[in-house]
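Could you put together the complete structure from these sequences and hints?
Chains as they are written, first to last, in full-length UniProt numbering: chain A, 1 to 205; chain B, 1 to 205; chain C, 1 to 205.
The set of hints was computed from the structure by calculation and includes no laboratory data. Computed from a predicted structure; not experimentally measured. Hints may contain errors.
[Claimed, not checked] In silico DSS-like links for lysine-lysine, alpha-carbon gap of 25 Å or less:
no.	chain 1	residue 1	chain 2	residue 2
1	C	K107	B	K26
2	A	K26	B	K26
3	C	K26	A	K26
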Amino acid sequence: MNVTSLLDLTGIFVFALSGAVMGVRKRLDVVGMAVLASMTALGGGILRDLILNVRPAAFESLGYVLVPLLATVIVFFWHPQVERSMPAVLVFDAAGLGLFCAVGTEKALTFGLSPLHAVLLGVTTAVGGGILRDVLAGQIPSLLYDRQLYAVPALLGSAVMASLWRLGHAGWQATLAAAVLAFTLRMFAMRYSWRAPLARGVPDD
Amino acid sequence: MNVTSLLDLTGIFVFALSGAVMGVRKRLDVVGMAVLASMTALGGGILRDLILNVRPAAFESLGYVLVPLLATVIVFFWHPQVERSMPAVLVFDAAGLGLFCAVGTEKALTFGLSPLHAVLLGVTTAVGGGILRDVLAGQIPSLLYDRQLYAVPALLGSAVMASLWRLGHAGWQATLAAAVLAFTLRMFAMRYSWRAPLARGVPDD
Amino acid sequence: MNVTSLLDLTGIFVFALSGAVMGVRKRLDVVGMAVLASMTALGGGILRDLILNVRPAAFESLGYVLVPLLATVIVFFWHPQVERSMPAVLVFDAAGLGLFCAVGTEKALTFGLSPLHAVLLGVTTAVGGGILRDVLAGQIPSLLYDRQLYAVPALLGSAVMASLWRLGHAGWQATLAAAVLAFTLRMFAMRYSWRAPLARGVPDD
Chain A
1 MNVTSLLDLT GIFVFALSGA VMGVRKRLDV VGMAVLASMT ALGGGILRDL
51 ILNVRPAAFE SLGYVLVPLL ATVIVFFWHP QVERSMPAVL VFDAAGLGLF
101 CAVGTEKALT FGLSPLHAVL LGVTTAVGGG ILRDVLAGQI PSLLYDRQLY
151 AVPALLGSAV MASLWRLGHA GWQATLAAAV LAFTLRMFAM RYSWRAPLAR
201 GVPDD
Chain B
1 MNVTSLLDLT GIFVFALSGA VMGVRKRLDV VGMAVLASMT ALGGGILRDL
51 ILNVRPAAFE SLGYVLVPLL ATVIVFFWHP QVERSMPAVL VFDAAGLGLF
101 CAVGTEKALT FGLSPLHAVL LGVTTAVGGG ILRDVLAGQI PSLLYDRQLY
151 AVPALLGSAV MASLWRLGHA GWQATLAAAV LAFTLRMFAM RYSWRAPLAR
201 GVPDD
Chain C
1 MNVTSLLDLT GIFVFALSGA VMGVRKRLDV VGMAVLASMT ALGGGILRDL
51 ILNVRPAAFE SLGYVLVPLL ATVIVFFWHP QVERSMPAVL VFDAAGLGLF
101 CAVGTEKALT FGLSPLHAVL LGVTTAVGGG ILRDVLAGQI PSLLYDRQLY
151 AVPALLGSAV MASLWRLGHA GWQATLAAAV LAFTLRMFAM RYSWRAPLAR
201 GVPDD
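Structural data, given as structure tokens:
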């Protein structure tokens, strides 16, 4: 297993944790927790691969199936501890966001999408799982109203990935650079509470 | 750019307006508005292309990405004006409905679906984006309970498109005829408040 | 028409009934009832085929389109009678669950998925339609919180199907055995109120 795979599975693991924790909060049973964990972790990549018209990676890799189940088991038994370490989970979630947008953009470019569309698909990869998690849990996706910058760091990371690719800098160094940029922006956005604007004239609460 | 492309982008624009306006009403931030605008405008076509097993047109065309963003910007700055002109937007929405059902049916026929299935996919193209918009905005799709005739005009337009195709009348004239028929029926349905029935015995409000 | 097709259409019919009945309960109009009936009956198979990267069977078969519409008509006119016979519908629903998980797993194996992934896709086939039904009807999928064993019987049926396949026992006998096992488990789970656990420490109501 190489470094990229390890980072990838780490991203899947923390996304799955966030899904399973949402499951506990909504008082779902263990089946619901497992479904929510898996969809959060794998949903973005599945959407990406459906759009690229290839078989989803989640249905060809062993780790992609087992890691969300592992996260479910951990949250099932130790959810108070996981909840208490949510600040740490948010750091990993930011890492997952960075990695998923970079990897998703790269895969889209490999399959011949234009840079613009590759960026769009990279962002979809990064945020798609969280959107599915929230829809299944019966709430408006937090991405849409939360005002925390979440999609914007992914957008910038994807754009940098696509730019490096266009300049001939493919390879894991480019992927890592784009992922680190998105991660850093996301951490700053959380630290300094950068907020997305509401439409002009809509009163701020 | 030919007439069909122009009509197509017009349809995408008004569908995107309706998504962005819904975003303002739900107090979503600008990211949520852009997501809702894009999904409303592109969701039906993406579903159609996934089912046809081809790469979605939205990921190969520049305009399909930029037009929903343009609609988002307009609604972001001038949503009171857009809301005030909603009657006009509804006319354009009816035009988009007509065009999308005709174009979707035609594409499905081109890819070898039977007329019946092509009609089904044409209707999916026309109404799929609105369903995704409502699900993401956290409400039951208005198509399902609204009782306004919305799917039915699309169904008839798609059926006419498929019939003309079977009779050997392909080409933009057939597409336009089917689109105009669906548009006209939708306008009549709005004008005269034609309503879909509830199940027998369910009391009318 | 062979026995498998007949069982398949029966499964589609009862799943469609459950969708249409949900439509009446939510006071949807006839269009909403038809959409809900079709998505409940066909959604799982459509998801399966999208992931397998083949054209969904629902868009190539006549019966798959007509049977949900037939169920809609029946519920439209006679929903009090259908509601009264819901215990019988639940038996058929269990039969549909069993059949869909077995057939879905088999199709996934035929397309070269590993046994683990084929099981996952078999369960998706069996429960996907119900999840879509609930999301469209504006509620958290009952699968996620209901605590009734529904996914677990499908999981075991799929696992048996994949095991028999690995042992060289393909063919309708294997499919039927797996389907009967899942059906039986589901019936026992209903009869004896077997329940999925909540996360440790979450108080039971």
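Structure-based check of all given hints:
At most 25 Å may separate the alpha-carbon atoms for a hinted pair to count; C:K107 and B:K26 exceed this at roughly 42 Å. With a CA separation close to 22 Å, the supplied pair A:K26 and B:K26 stays within the 25 Å bound. Proximity of C:K26 to A:K26 is assessed by CA-CA distance (about 22 Å); at most 25 Å being required, the pair is judged to hold.
Hint compliance for this structure: hint 1 alone is broken.
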